[in-house]
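A.B. asks: Here is how the chains run, residue by residue.
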Amino acid sequence: MKIHDLIFIVLSLLLFACEQEVELQLKSSEPRVFIEGFIRTDSLYQRISVRKTNNFQESNNYPGINDAIVILSDDAGRIDTLVNISNGIFRTSKVFEGTPNRNYFLKIFAEGKIYQAKAFLPEVVKIDTIIYEYINNTNIVREPGYYLISIGKEPVGINYYRVLCFKNDSLFNGIGDYFITDDILVDGNSIFFALPFKFDRGDTAKLELWNIDQPTFYYYVSLIKQLLGGGPFAPPADNVKGNISNGALGYFGGCGVYSYSLVIE
Amino acid sequence: MQFLKRRYLFLLFWTLLGQELYSQSKEYTISGYVRDSSSGESLIGATVFIKETQKGALTNDYGFFSLKVPQDKFTLVVKYLGYVTHEQTFNVKENVKVIIELQQEGLSTEEVIITDKRADENIKSVEMSVQKLDIQTIKTMPAFFGEVDVLKAIQMLPGVVFAGDGNTGFYVRGGGADQNLVLLDEAVVYNAAHLFGFFSVFNSDAVKDIILYKGGMPANYGGRLSAVLDIKMNEGNNKKYVLKGGIGTIASRLTLEGPITKEKGSFIMSGRRTYADAFLKFSNNPKINQNKLFFYDLNAKANYEINEKNRVFISSYFGKDVFDFGNEFGFNWGNATLTARWNHQFNAKLFMNNSFIFSDFQYQFDIKQSSENAQYTSGATNYSLKTDFDFFWNEKMHLKFGQQAFYHSFLRADLKPTGKSNITPYRLPIRHGYEQALYITNDHKIHETISMKYGLRYSFFADIGPTTLYTFASPRDNRPIDTTSVPFGKMLKTYQGIEPRLSLNYNINELSALKGSYARTRQYLNLVSNAASSLPTDIWIPASSEVKPQIADQIAGGYFRNFMDNRLETSVEIYYKWLQNQIEFQPDANLFLNPQIEKQLAFGKGWSYGLELFLKKNSGKFTGWIGYTLSWTYRQMPFINNNEPYFARNDRRHDCNIVLSYDPHNRVNLSVTWVFASGNAISFPTGKYELDGQTILRYDKLYNDRMPNYHRLDISATLKNKPSKKLESSWNFSIFNVYARKNAWAFRFENDPNDKSKTRVIKIYLFSIIPSITYNFKF
Numbered sequence: 054m055k056i057h058d059l060i061f062i063v064l065s066l067l068l069f070a071c072e073q074e075v076e077l078q079l080k081s082s083e084p085r086v087f088i089e090g091f092i093r094t095d096s097l098y099q100r101i102s103v104r105k106t107n108n109f110q111e112s113n114n115y116p117g118i119n120d121a122i123v124i125l126s127d128d129a130g131r132i133d134t135l136v137n138i139s140n141g142i143f144r145t146s147k148v149f150e151g152t153p154n155r156n157y158f159l160k161i162f163a164e165g166k167i168y169q170a171k172a173f174l175p176e177v178v179k180i181d182t183i184i185y186e187y188i189n190n191t192n193i194v195r196e197p198g199y200y201l202i203s204i205g206k207e208p209v210g211i212n213y214y215r216v217l218c219f220k221n222d223s224l225f226n227g228i229g230d231y232f233i234t235d236d237i238l239v240d241g242n243s244i245f246f247a248l249p250f251k252f253d254r255g256d257t258a259k260l261e262l263w264n265i266d267q268p269t270f271y272y273y274v275s276l277i278k279q280l281l282g283g284g285p286f287a288p289p290a291d292n293v294k295g296n297i298s299n300g301a302l303g304y305f306g307g308c309g310v311y312s313y314s315l316v317i318e
Numbered sequence: 002m003q004f005l006k007r008r009y010l011f012l013l014f015w016t017l018l019g020q021e022l023y024s025q026s027k028e029y030t031i032s033g034y035v036r037d038s039s040s041g042e043s044l045i046g047a048t049v050f051i052k053e054t055q056k057g058a059l060t061n062d063y064g065f066f067s068l069k070v071p072q073d074k075f076t077l078v079v080k081y082l083g084y085v086t087h088e089q090t091f092n093v094k095e096n097v098k099v100i101i102e103l104q105q106e107g108l109s110t111e112e113v114i115i116t117d118k119r120a121d122e123n124i125k126s127v128e129m130s131v132q133k134l135d136i137q138t139i140k141t142m143p144a145f146f147g148e149v150d151v152l153k154a155i156q157m158l159p160g161v162v163f164a165g166d167g168n169t170g171f172y173v174r175g176g177g178a179d180q181n182l183v184l185l186d187e188a189v190v191y192n193a194a195h196l197f198g199f200f201s202v203f204n205s206d207a208v209k210d211i212i213l214y215k216g217g218m219p220a221n222y223g224g225r226l227s228a229v230l231d232i233k234m235n236e237g238n239n240k241k242y243v244l245k246g247g248i249g250t251i252a253s254r255l256t257l258e259g260p261i262t263k264e265k266g267s268f269i270m271s272g273r274r275t276y277a278d279a280f281l282k283f284s285n286n287p288k289i290n291q292n293k294l295f296f297y298d299l300n301a302k303a304n305y306e307i308n309e310k311n312r313v314f315i316s317s318y319f320g321k322d323v324f325d326f327g328n329e330f331g332f333n334w335g336n337a338t339l340t341a342r343w344n345h346q347f348n349a350k351l352f353m354n355n356s357f358i359f360s361d362f363q364y365q366f367d368i369k370q371s372s373e374n375a376q377y378t379s380g381a382t383n384y385s386l387k388t389d390f391d392f393f394w395n396e397k398m399h400l401k402f403g404q405q406a407f408y409h410s411f412l413r414a415d416l417k418p419t420g421k422s423n424i425t426p427y428r429l430p431i432r433h434g435y436e437q438a439l440y441i442t443n444d445h446k447i448h449e450t451i452s453m454k455y456g457l458r459y460s461f462f463a464d465i466g467p468t469t470l471y472t473f474a475s476p477r478d479n480r481p482i483d484t485t486s487v488p489f490g491k492m493l494k495t496y497q498g499i500e501p502r503l504s505l506n507y508n509i510n511e512l513s514a515l516k517g518s519y520a521r522t523r524q525y526l527n528l529v530s531n532a533a534s535s536l537p538t539d540i541w542i543p544a545s546s547e548v549k550p551q552i553a554d555q556i557a558g559g560y561f562r563n564f565m566d567n568r569l570e571t572s573v574e575i576y577y578k579w580l581q582n583q584i585e586f587q588p589d590a591n592l593f594l595n596p597q598i599e600k601q602l603a604f605g606k607g608w609s610y611g612l613e614l615f616l617k618k619n620s621g622k623f624t625g626w627i628g629y630t631l632s633w634t635y636r637q638m639p640f641i642n643n644n645e646p647y648f649a650r651n652d653r654r655h656d657c658n659i660v661l662s663y664d665p666h667n668r669v670n671l672s673v674t675w676v677f678a679s680g681n682a683i684s685f686p687t688g689k690y691e692l693d694g695q696t697i698l699r700y701d702k703l704y705n706d707r708m709p710n711y712h713r714l715d716i717s718a719t720l721k722n723k724p725s726k727k728l729e730s731s732w733n734f735s736i737f738n739v740y741a742r743k744n745a746w747a748f749r750f751e752n753d754p755n756d757k758s759k760t761r762v763i764k765i766y767l768f769s770i771i772p773s774i775t776y777n778f779k780f
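These protein sequence lines map, in sequence, to chains A and B. Sequential numbering from 54 applies to the first sequence in my numbering. Sequential numbering from 2 applies to the second sequence in my numbering.
In short, the hints are calculated from the structure, not lab data. Bear in mind the structure is a predicted one, so any value in this text is a computation, not a measurement. Among the hints, erroneous ones may be present.
Non-contacting residues of chain B with respect to chain A, defined by C-beta distances greater than 12 Å in every case (computed) [unchecked claim]:
(1) Phe-91
(2) Glu-264
(3) Lys-265
(4) Arg-274
(5) Ile-315
(6) Phe-319
(7) Lys-401
(8) Asp-483
(9) Leu-493
(10) Lys-617
(11) Ser-620
(12) Ile-627
(13) Leu-631
(14) Ile-659
(15) His-666
(16) Glu-729
Label pairs and their calculated CB-CB ranges [what the hints assert, rightly or not]:
(17) A:Tyr-187 x B:Arg-749: 33 to 41 Å
(18) B:Arg-749 x A:Asp-128: 36 to 44 Å
(19) B:Gly-694 x A:Ile-132: 23 to 31 Å
(20) B:Leu-614 x A:Pro-116: 51 to 59 Å
Glycine included, each C-beta is placed from N, C-alpha and C at the ideal position.
Given only the sequences and the hints, what does the whole structure look like? Please build it.
C.D. replies: If you want it as structure tokens, here you go:
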């Protein structure tokens, strides 16, 4: 993914690519329901959002469907009807912690339609070591600063991961900040991440290692493709893959979360 | 009755044999070579004809021709574009061999009438949908950054759609960029682009002849569906040493050529290097000035005439692009080709060429980070052996037949740790393919007004060992559960098919002709791209049990009419093309180190139809052409728009090119080109939503919209200095995009950084006005 970025940067430098904000007459569409939720092992309450799409010219505030009925259950027989807590956001009415190796089921009644989805929650995979090092060389890829490296023993079998990085509790959430991988190169051995996020002395760094299942991995593949896509050197534009039934957009997944923080000194 | 039958048979036999006997007793053959008088270069496609009968032939790829002469005394006329016409009277008593040397028109001191290639060739020739471009014409056209580019000139022709601003990629009649067979001295060039497509790999100083077939490909070409771009390298001057070159805005060229043994053999060496990164050095920002970015290429060719009947050639190309980002990341790629040929002339009528060809493309990433040092390599290689025969049967028939055998290998991914590294080595098995083709084609003048070119090509492909086959539990689990070793030569899957080719010409009169053609083509190697434009990292996927070969059928018809004593050529062509087994990646395909990449492909079909208008003026002070294309191109794929037909990303309704050249003085040339293209089909969002805190675009249909129209005017002036005995030199001034139109290259849809509650559209455009200057010299 980064390669396209680099190509683009170089071409911009070399060939004086210019940018200009323009008005583009885009076609509009009927609003559709979109649903998002991730069952997490580190959260006692689970959240689901049920909202509707906007046209491109409209604002980024999406209308929530606050009167939806949102029901979450798992294959151990737990069930809960979620409560609406803010615009389109629903939270479990009681403690509903994510338990690894279980399937979760989502059923939503909204505007006369039923939407369903299923998610699997993988186990938590721990990171043994996190270190940071100061990198001084200056180049296009990195600025001088402190960078995190994590090393952890990885279980045998096919696993997929997403790594999230926080600096002083704020997530690196730019469109180029996604970090996902499978374990094909390291299966059963230690897995190693050199994270391209810059820290300064005194910062608190936090890492979250999400163990995700295969459909969730490919959901992120398609999401990253869209975020970085569009130009001639990027994959052609396409929709992000979803897993909600009955024509709703969005994704319902699960993640085994291990988090670790440290202070850069 | 019995008697009659027998007599009839006898008569038939007598007619056939008698004709042969008759011709042997009364007719002779004149054969030989047509060459340039100053350099000794073979001239390909020169017209050779007998003045008295107006019957003739074209020289083949080696400048060879053979003609029957009907009487003892006749006049032979030889014509070639840009050369003074040669006329010679012969009085023959036996078969004769000649070497005709033509003089370039500019070199002539006397006032002579300058003629082009046989002026009515487009009426008389059986071929349609063929474009020949003269390298001299290309050199006077305005050039992007002053770099004369063969592929950019090709894009100015009707029926050819350019891939994007500054891009050398091209699409022919609705075909994909990987469906063009690009040949350099018979060797397949896998990736014809430098610098991600902004320049092509063909150094104009080393190029001699360019032919583009958009349809009705002769049966001696195969392996790609949509077009053939056949580029031949200069052979080198066999009379004297010449040093020539050019110093340009971003690149310089140097060529040395000369005789090995005078008039017996010659060589040429040509090199080019860009210094695009020289500009980066001016930056104060260490992030920028530490990077490397350049490309170079080398062409070399030598030929030697062993004796009258045997001649050998060896030619080679090597080119590379080098990118280095600081000390952390390197990226380089390049092509290498080698062609060794042996021409043998059996007799006045039968000519043979044998070629051994090697072609290779590789790209490499170097990752140099503290504890992640690794090198990633991927590429394709092929070795091939070709045998081609030219049989000049009689004045009505010219047969070509032969065979081509290829051995392909594809290294999809090889990741190696280098130095201190936490990376485990990983290599996907190398895949091999064996491709065999046999062909026969006949150029047949059936009647004074009707000529035909008909041929058959048989092609065979085998997915062949040695390799390792993996078995997987599911298409998305990339861990093999079982491996099988396949020994050398074992065929895993084979495909074969017949490819008929046919072209017809009906000469209505001296000035107009109706033509038609049909061609079936099969393609066993697919270049699958995950990007809208072609990148070096695109993946070659050969036919296998999971991937069927691509097949195309094209019919075309045309009306050709010349005006003003053949000085003005016009043509109208229409075509319809059907494409089978077209390939796209599934939307969420993961390309990197994926051993099951075939499982993430989608297969569908395509079709395209269109109309091409062409008006060309060949001689006089004003020359040039206007081309217009109206076309429609569709694809139909599962996974895309619910399997409904959609406009392909190279679908473009209108395309218009104007190329004008004016010589006010014999040392001054002024050229203008203007391009207009209506927008390509593209996917624009029809809505948005939010996932993971990001604004996500919603596409109800892909390829639902159009890019804005593209147009651009370029101008150039070439001024030749007064030639001295030793030095010829010229200056070329080009201005690209004279009226500085900001043609959209891409659009980005993003959150407004100033107001997170809004989104905005950003247009990216590459080039505003770019002036450039090149100095060319020749000693």
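A.B. asks: Since Arg-274 (chain B) was said not to touch the interface, does its Cβ keep a gap of more than 12 Å from each Cβ of chain A?
C.D. replies: holds (16 Å)
A.B. asks: Evaluate the condition: distance from the CB of Asp-483 (chain B) to the nearest CB of chain A exceeds 12 Å.
C.D. replies: holds (15 Å)
A.B. asks: So is Phe-319 (chain B) really clear of chain A, every C-beta pair being over 12 Å apart?
C.D. replies: holds (23 Å)
A.B. asks: Compute the least Cβ-Cβ separation between Ile-627 (chain B) and chain A, then decide whether it is above 12 Å.
C.D. replies: holds (28 Å)
A.B. asks: Taking the shortest Cβ-to-Cβ distance between Ile-659 (chain B) and chain A, state whether it exceeds 12 Å.
C.D. replies: Holds, since 25 Å exceeds 12 Å.
A.B. asks: Does the no-contact call for His-666 (chain B) survive, Cβ to all of chain A over 12 Å?
C.D. replies: Correct as stated: the minimum Cβ-Cβ distance to chain A is 35 Å, above 12 Å.
A.B. asks: The output says Ile-315 (chain B) does not contact chain A. Does that hold with a beta carbon cutoff of 12 Å?
C.D. replies: Holds: least Cβ distance 36 Å, greater than 12 Å.
A.B. asks: Please check whether the beta-carbon of Glu-729 (chain B) is more than 12 Å away from every beta-carbon in chain A.
C.D. replies: holds (33 Å)
A.B. asks: Can the suggested window of 23 to 31 Å be confirmed for the beta-carbon pair Gly-694 (chain B) and Ile-132 (chain A)?
C.D. replies: Holds - the Cβ-Cβ distance for Gly-694 (chain B) and Ile-132 (chain A), about 29 Å, lies within 23 to 31 Å.
A.B. asks: The output says Glu-264 (chain B) does not contact chain A. Does that hold with a beta carbon cutoff of 12 Å?
C.D. replies: holds (46 Å)
A.B. asks: Just tell me: holds or violated, for the beta carbon distance of Leu-614 (chain B) and Pro-116 (chain A) against 51 to 59 Å?
C.D. replies: At roughly 52 Å between Cβ atoms, Pro-116 (chain A) and Leu-614 (chain B) fall inside 51 to 59 Å, so the hint holds.
A.B. asks: Run the C-beta distances from Phe-91 (chain B) to all of chain A and say if the shortest one exceeds 12 Å.
C.D. replies: Holds, since 58 Å exceeds 12 Å.
The structure fails none of the hints (numbered hints given earlier).
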